[in-house]
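Protein chains in written order, with the working numbering: chain A, 1 to 792; chain B, 1 to 228.
Check before you lean on any hint, since a few could be wrong.
[Claimed, not checked] A few chain A residues that don't get close to chain B, going by computed Cβ distances all over 12 Å:
{"#": "1", "residue": "Val41"}
{"#": "2", "residue": "Gln50"}
{"#": "3", "residue": "Ala54"}
{"#": "4", "residue": "Asp63"}
{"#": "5", "residue": "Tyr228"}
{"#": "6", "residue": "Glu244"}
{"#": "7", "residue": "Gln257"}
{"#": "8", "residue": "Gly321"}
{"#": "9", "residue": "Phe396"}
{"#": "10", "residue": "Glu646"}
{"#": "11", "residue": "Lys698"}
{"#": "12", "residue": "Val705"}
{"#": "13", "residue": "Asn784"}
[To be verified] Listed below are the simulated DSS-like cross-link pairs for lysine-lysine, each with C-alpha atoms no more than 27 Å apart in a straight line:
{"#": "14", "chain 1": "B", "residue 1": "Lys205", "chain 2": "A", "residue 2": "Lys723"}
{"#": "15", "chain 1": "A", "residue 1": "Lys572", "chain 2": "A", "residue 2": "Lys511"}
{"#": "16", "chain 1": "A", "residue 1": "Lys779", "chain 2": "B", "residue 2": "Lys120"}
{"#": "17", "chain 1": "A", "residue 1": "Lys719", "chain 2": "A", "residue 2": "Lys498"}
{"#": "18", "chain 1": "A", "residue 1": "Lys698", "chain 2": "B", "residue 2": "Lys24"}
{"#": "19", "chain 1": "A", "residue 1": "Lys529", "chain 2": "A", "residue 2": "Lys560"}
{"#": "20", "chain 1": "A", "residue 1": "Lys477", "chain 2": "A", "residue 2": "Lys511"}
{"#": "21", "chain 1": "A", "residue 1": "Lys536", "chain 2": "A", "residue 2": "Lys511"}
{"#": "22", "chain 1": "A", "residue 1": "Lys251", "chain 2": "A", "residue 2": "Lys241"}
{"#": "23", "chain 1": "B", "residue 1": "Lys113", "chain 2": "A", "residue 2": "Lys309"}
{"#": "24", "chain 1": "B", "residue 1": "Lys176", "chain 2": "B", "residue 2": "Lys205"}
{"#": "25", "chain 1": "B", "residue 1": "Lys176", "chain 2": "A", "residue 2": "Lys402"}
{"#": "26", "chain 1": "B", "residue 1": "Lys113", "chain 2": "B", "residue 2": "Lys162"}
{"#": "27", "chain 1": "A", "residue 1": "Lys560", "chain 2": "A", "residue 2": "Lys746"}
{"#": "28", "chain 1": "A", "residue 1": "Lys529", "chain 2": "A", "residue 2": "Lys422"}
{"#": "29", "chain 1": "A", "residue 1": "Lys498", "chain 2": "A", "residue 2": "Lys14"}
{"#": "30", "chain 1": "A", "residue 1": "Lys52", "chain 2": "A", "residue 2": "Lys498"}
{"#": "31", "chain 1": "A", "residue 1": "Lys3", "chain 2": "B", "residue 2": "Lys113"}
{"#": "32", "chain 1": "A", "residue 1": "Lys719", "chain 2": "B", "residue 2": "Lys120"}
{"#": "33", "chain 1": "A", "residue 1": "Lys477", "chain 2": "A", "residue 2": "Lys514"}
{"#": "34", "chain 1": "A", "residue 1": "Lys511", "chain 2": "A", "residue 2": "Lys601"}
{"#": "35", "chain 1": "B", "residue 1": "Lys176", "chain 2": "A", "residue 2": "Lys719"}
FYI, nobody ran anything at the bench for these hints, they're computed from the structure.
We put the beta carbon where it would ideally sit given N, CA and C, even for glycine.
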Amino acid sequence: MIKSYLLVALRSIKRNKLHASINIIGLAIGMTCCILITLFVQFELGYDKQNKDADRIYRLAIDLEANNWAISAFPIGSLLQDNFPEVEKFTRIKPIDVFVQNSVNEVINKEKVFYADSSVFDVLDIELIKGDPNNALAEMNSLVLTEDRARTYFGDEDPIGKTLTMLNDKREYKVTGVFKPLPSNSHVHINMMVSSDNFAPMKPGAEQGWSYLTNHYTYLVLPKDIDYTAFEKKISEFMDKHEERTADQPKNILKLQPLTSIHLHSNRGLEVEANGNMNTVYILSAIAFFILIIACINFMNLTTAQSLKRAREVGIRKVVGSRKSQLVFQFLSESVVISFIALILSIVFLILIVPLFNEVSGKQIVINPLQNGYVSVVFIAITFFVGVVAGTYPAFFLSAFKPTQVLKGNFVSNLKGQLLRKGLVVFQFAIAFVIMVGTYVIYSQLDYMLNKNMGFDREQTLVIQMPRDSVGDVALKNEIARLTGVEAVTRFMEVPGKMVRTTTIWYEDAKDNKAENMYIFSGDVDLLKTMGMKMKIGNYFAPDTKQFYKEFVVNEAAVKHFGWKADEVVGKLMDFGERGQEPGKVIGVVEDFHFKHLHEKIGPLVLYLEPAYEGQFMAVKVNSSNMKEMVAAVESTWKSILPEKEFEYQFLDETFDKLFDEEKRLGQLFGVFSGLAIFISCLGLFGLASFTMEQNRKSVAVRKVMGASVSNIMVMMSKDFLKLVLMGMILAGPLAYYAMNRWLQKFAYNVGFTWMVFIYATAAGVLVAFVTVSYHSLKSATSNPVDSLKDQ
Amino acid sequence: MIAKLENVSKEYQVGDQTIVALEKTTFTLNEGELTLIIGPSGSGKTTLLSLIGCVIYPSTGTLWVDGQEINSLSHNQKAALRLNSIGFVFQNFNLLSPLTAEDNVMMPLLLQKVSRSEAKQRTQTALEMVGMHDRNKSLPKQLSGGQQQRIAIARALVTNPKIVLCDEPTAALDSKSLVVVMEELRQLADQGKSVVVVTHDPRLKPYAHRIVEVNNGMVQEVKDFTGH
Numbered sequence: 001m002i003k004s005y006l007l008v009a010l011r012s013i014k015r016n017k018l019h020a021s022i023n024i025i026g027l028a029i030g031m032t033c034c035i036l037i038t039l040f041v042q043f044e045l046g047y048d049k050q051n052k053d054a055d056r057i058y059r060l061a062i063d064l065e066a067n068n069w070a071i072s073a074f075p076i077g078s079l080l081q082d083n084f085p086e087v088e089k090f091t092r093i094k095p096i097d098v099f100v101q102n103s104v105n106e107v108i109n110k111e112k113v114f115y116a117d118s119s120v121f122d123v124l125d126i127e128l129i130k131g132d133p134n135n136a137l138a139e140m141n142s143l144v145l146t147e148d149r150a151r152t153y154f155g156d157e158d159p160i161g162k163t164l165t166m167l168n169d170k171r172e173y174k175v176t177g178v179f180k181p182l183p184s185n186s187h188v189h190i191n192m193m194v195s196s197d198n199f200a201p202m203k204p205g206a207e208q209g210w211s212y213l214t215n216h217y218t219y220l221v222l223p224k225d226i227d228y229t230a231f232e233k234k235i236s237e238f239m240d241k242h243e244e245r246t247a248d249q250p251k252n253i254l255k256l257q258p259l260t261s262i263h264l265h266s267n268r269g270l271e272v273e274a275n276g277n278m279n280t281v282y283i284l285s286a287i288a289f290f291i292l293i294i295a296c297i298n299f300m301n302l303t304t305a306q307s308l309k310r311a312r313e314v315g316i317r318k319v320v321g322s323r324k325s326q327l328v329f330q331f332l333s334e335s336v337v338i339s340f341i342a343l344i345l346s347i348v349f350l351i352l353i354v355p356l357f358n359e360v361s362g363k364q365i366v367i368n369p370l371q372n373g374y375v376s377v378v379f380i381a382i383t384f385f386v387g388v389v390a391g392t393y394p395a396f397f398l399s400a401f402k403p404t405q406v407l408k409g410n411f412v413s414n415l416k417g418q419l420l421r422k423g424l425v426v427f428q429f430a431i432a433f434v435i436m437v438g439t440y441v442i443y444s445q446l447d448y449m450l451n452k453n454m455g456f457d458r459e460q461t462l463v464i465q466m467p468r469d470s471v472g473d474v475a476l477k478n479e480i481a482r483l484t485g486v487e488a489v490t491r492f493m494e495v496p497g498k499m500v501r502t503t504t505i506w507y508e509d510a511k512d513n514k515a516e517n518m519y520i521f522s523g524d525v526d527l528l529k530t531m532g533m534k535m536k537i538g539n540y541f542a543p544d545t546k547q548f549y550k551e552f553v554v555n556e557a558a559v560k561h562f563g564w565k566a567d568e569v570v571g572k573l574m575d576f577g578e579r580g581q582e583p584g585k586v587i588g589v590v591e592d593f594h595f596k597h598l599h600e601k602i603g604p605l606v607l608y609l610e611p612a613y614e615g616q617f618m619a620v621k622v623n624s625s626n627m628k629e630m631v632a633a634v635e636s637t638w639k640s641i642l643p644e645k646e647f648e649y650q651f652l653d654e655t656f657d658k659l660f661d662e663e664k665r666l667g668q669l670f671g672v673f674s675g676l677a678i679f680i681s682c683l684g685l686f687g688l689a690s691f692t693m694e695q696n697r698k699s700v701a702v703r704k705v706m707g708a709s710v711s712n713i714m715v716m717m718s719k720d721f722l723k724l725v726l727m728g729m730i731l732a733g734p735l736a737y738y739a740m741n742r743w744l745q746k747f748a749y750n751v752g753f754t755w756m757v758f759i760y761a762t763a764a765g766v767l768v769a770f771v772t773v774s775y776h777s778l779k780s781a782t783s784n785p786v787d788s789l790k791d792q
Numbered sequence: 001m002i003a004k005l006e007n008v009s010k011e012y013q014v015g016d017q018t019i020v021a022l023e024k025t026t027f028t029l030n031e032g033e034l035t036l037i038i039g040p041s042g043s044g045k046t047t048l049l050s051l052i053g054c055v056i057y058p059s060t061g062t063l064w065v066d067g068q069e070i071n072s073l074s075h076n077q078k079a080a081l082r083l084n085s086i087g088f089v090f091q092n093f094n095l096l097s098p099l100t101a102e103d104n105v106m107m108p109l110l111l112q113k114v115s116r117s118e119a120k121q122r123t124q125t126a127l128e129m130v131g132m133h134d135r136n137k138s139l140p141k142q143l144s145g146g147q148q149q150r151i152a153i154a155r156a157l158v159t160n161p162k163i164v165l166c167d168e169p170t171a172a173l174d175s176k177s178l179v180v181v182m183e184e185l186r187q188l189a190d191q192g193k194s195v196v197v198v199t200h201d202p203r204l205k206p207y208a209h210r211i212v213e214v215n216n217g218m219v220q221e222v223k224d225f226t227g228h
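The task is simple: from the sequences and hints, build the whole structure.
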């Protein structure tokens with residue numbers, strides 16, 4: 001019997017090539033999106049789960065007044081392990097960007113090298129292929145690296161025992177191990193590690209260990225099922241006691257982040273790598289689901305629309321004794337067969353687009369079932385889901401025909417069926433409309449952020465990373481400033497737009513006279529000129545000042561935060577830490593500029609003057625049409641002054657653009673999915689239009705013969721569809737508004753929701769739908785009416 | 001003369017083959033005549049009717065309808081010509097089933113953008129002419145074949161066309177209805193319209209002023225009963 005059903009299914013496909021193609025292509029596209037996004041979601045939710053103790057590992061983070069940070073103090077892991085039996089193990093890692101050289105073959109590369117405790121192998125499941133995890137990083141000057149990095153520096157030779165030099169301190173490190181890289185869905189990617197003993201603040205008992213807060217990460221292994229929120233409270237209170245903090249001092253707020261939640265739920269300052277976003281996962285999942293539903297609706301619509309063609313078959317089967325359940329099973333089998341054919345096409349699509357998707361999303365989705373067992377499950381589940389969801393309604397609809405009616409030829413397509421089909425078209429276009437509006441809003445927001453006035457000039461500005469021991473930075477600055485085409489040069493601590501540095505600052509009139517943690521920034525005397533920033537009140541630091549740490553400039557937000565009056569700002573007292581015996585003075589107010597990501601509001605900022613900017617940045621403002629030549633000139637100057645240092649530069653506008661990678665990716669993905677949603681909806685409309693035109697051949701022919709023009713016929717045939725499309729869009733308007741308005745709220749500065757987006761999306765949707773339907777209505781309007789009338 | 005065909009032929013291309021549906025034909029249609037086009041199935045009768053009705057266009061030759069040379073007209077001008085000068089009646093009535101008798105008849109007037117109130121009035125007059133004014137709210141399925149055909153005639157007449165083209169108007173009717181319909185068509189011709197009836201039913205011959213026989217795409221014989 002099943003064979004018979006399959007044969008009927010295949011013959012039915014063969015007989016209705018157009019509709020079957022529309023069904024299969026639509027379902028294949030929908031399934032491709034759905035499979036892709038399901039695998040993407042699996043990838044995102046699988047971050048760090050490869051660790052055998054994944055559910056017991058927590059990252060220790062801290063909350064401060066100015067921001068919440070992903071980092072913690074160097075000695076805290078050891079202190080907690082000594083005082084809390086719950087802390088079974090801990091490890092620390094501290095990344096630095098450094099040039100690494102094989103002195104023998106002169107191979108040199110910039111690497112992110114992690115200072116790590118030897119316990120890293122114990123905590124993070126890093127598998128050593130060569131070397132002993134117990135002592136690979138136990139001694140100073142020991143280094144472990146991945147196979148790939150080993151090959152880069154040593155070719156096919158065995159790297160164990162060989163040495164590499166880190167050019168920051170010129171120290172030689174001996175390779176003691178080779179490890180397998182962490183999976184791509186890890187919140188941190190490590191290619192090279194050296195012993196933490198080589199970094200002074202990480203050494204046991206290091207004096208500066210507590211005060212030196214930098215991008216350093218501590219991971220604790222705690223008992224399974226521990227109430228970690230209670231435990232973080234316990235350790236925060238312990239730290240207050242340990243540091244002997246008094247009641248009027250700010251409390252320690254330590255946070256424990258479950259390892260597996262870091263990627264999607266952590267968005268703290270100084271993250272070890274940019275994390276993902278749970279919202280993106282939700283949004284993409286919803287889109288995938290709805291695209292699949294749009295494709296299923298096509299199937300339902302086209303199958304029930306063709307009910308007239310199948311009615312006779314149903315009648316005959318019933319007359320010869322088929323039960324309704326058998327017919328339901330038969331039609332469901334057909335839809336599963338079509339779904340399976342769509343899956344095959346979908347796999348072809350996946351093979352073609354997964355590499356592109358990985359490039360756009362920055363992920364490594366694997367669709368080979370041999371490498372990812374989950375893939376087979378997704379394939380089977382989605383095929384049956386589509387087959388059953390798309391096929392259930394048509395199966396019950398078709399199997400309900402009464403043989404007495406259909407065999408006498410009295411069967412007429414029922415009104416309920418038509419209404420449902422119309423309702424489904426409305427639903428399809430409502431979904432497509434929401435996705436279209438979403439795409440428009442995301443792109444508008446992206447455009448707004450990329451072009452927003454940041455309060456500083458980012459065009460034609462070269463940013464050079466200074467070496468940590470760049471004693472010659474003043475000489476370099478002066479030499480670069482002399483180059484033709486260079487307008488100004490400044491040195492600063494951090495690149496505006498991505499600043500992270502905070503410290504405690506005391507200011508006059510502070511509440512309870514207590515210092516507050518706030519953002520700080522230092523740029524030399526040429527900062528304003530180079531970056532195009534402006535003073536609001538008073539002056540910036542003068543070239544001949546010697547008042548390092550004793551003169552301050554604040555931004556407008558700080559003045560507001562401090563509660564100072566504009567005419568009293570200059571001369572207000574300020575100091576690092578708590579108030580000292582000789583506090584400094586505020587000399588001016590700089591206009592607000594976006595020193596942090598545009599996602600965050602401009603907060604209070606305190607600027608001071610550093611005596612040196614070693615290891616920081618130099619910005620060069622140029623006025624040249626030939627940037628390549630300009631960069632070459634700057635590099636040549638660099639080489640003449642710092643011949644042994646590698647020259648690294650970036651353009652400020654490009655650096656800035658990179659801050660919006662997530663929005664760009666989301667925009668691109670939205671764009672693609674929105675296009676697909678519209679395409680599949682129109683595919684369904686195309687099929688339904690062809691069916692409707694077929695049904696209305698007589699009506700068209702009669703009107704045509706009576707003298708209706710081509711345009712009369714086209715309007716008549718298109719307007720019903722356009723009404724449905726328009727209705728879908730109107731119904732979806734409030735939902736689109738709510739969803740996108742909520743999305744915009746996460747930005748401190750957003751483009752705002754313009755109602756014009758509805759006009760654009762509606763116009764685009766109606767236009768595309770009109771073009772889709774026009775093919776059939778034009779065909780119908782220009783066909784010979786006599787043939788149609790004779791056929792009736 | 002209301003229409004003239006001069007060396008008009010119609011060919012169709014089917015794959016590599018050229019099918020000649022109508023050989024070169026020359027003849028005219030006059031006002032006040034009921035012209036019967038007779039011939040067996042597939043002979044080219046309907047092609048000839050469709051050419052006169054401007055729903056298909058000549059492959060060769062020249063066709064004038066109501067003083068206009070149709071090869072020189074655009075699609076919209078041809079549609080306007082059909083709308084204003086030609087009325088059609090079909091074998092299977094071709095009434096639109098969801099519309100009432102009144103709505104079916106009114107349709108060409110609405111295409112002419114006649115106001116609804118005037119259209120309603122003119123529809124009523126047309127229905128009265130065919131004796132169907134009391135069934136104006138009926139749906140086609142509630143009417144007999146003969147009644148449906150009379151509604152179709154009313155629809156063809158409502159725009160007051162100069163030509164009424166009828167394709168097998170009696171094929172689906174019983175003998176009684178046949179007489180009623182043909183008498184109505186003859187009356188229209190007598191009132192000055194040019195009525196063309198395509199049929200293979202010899203019983204219609206007595207109603208004709210002229211008979212045109214079509215066989216294998218050739219107009220073989222033209223009989224003129226005018227004045228008889």
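> Which of the listed hints are not met by the structure?
Replying inline: 11, 12, 13, 14, 16, 17, 18, 20, 23, 25, 28, 29, 30, 31, 33, 35
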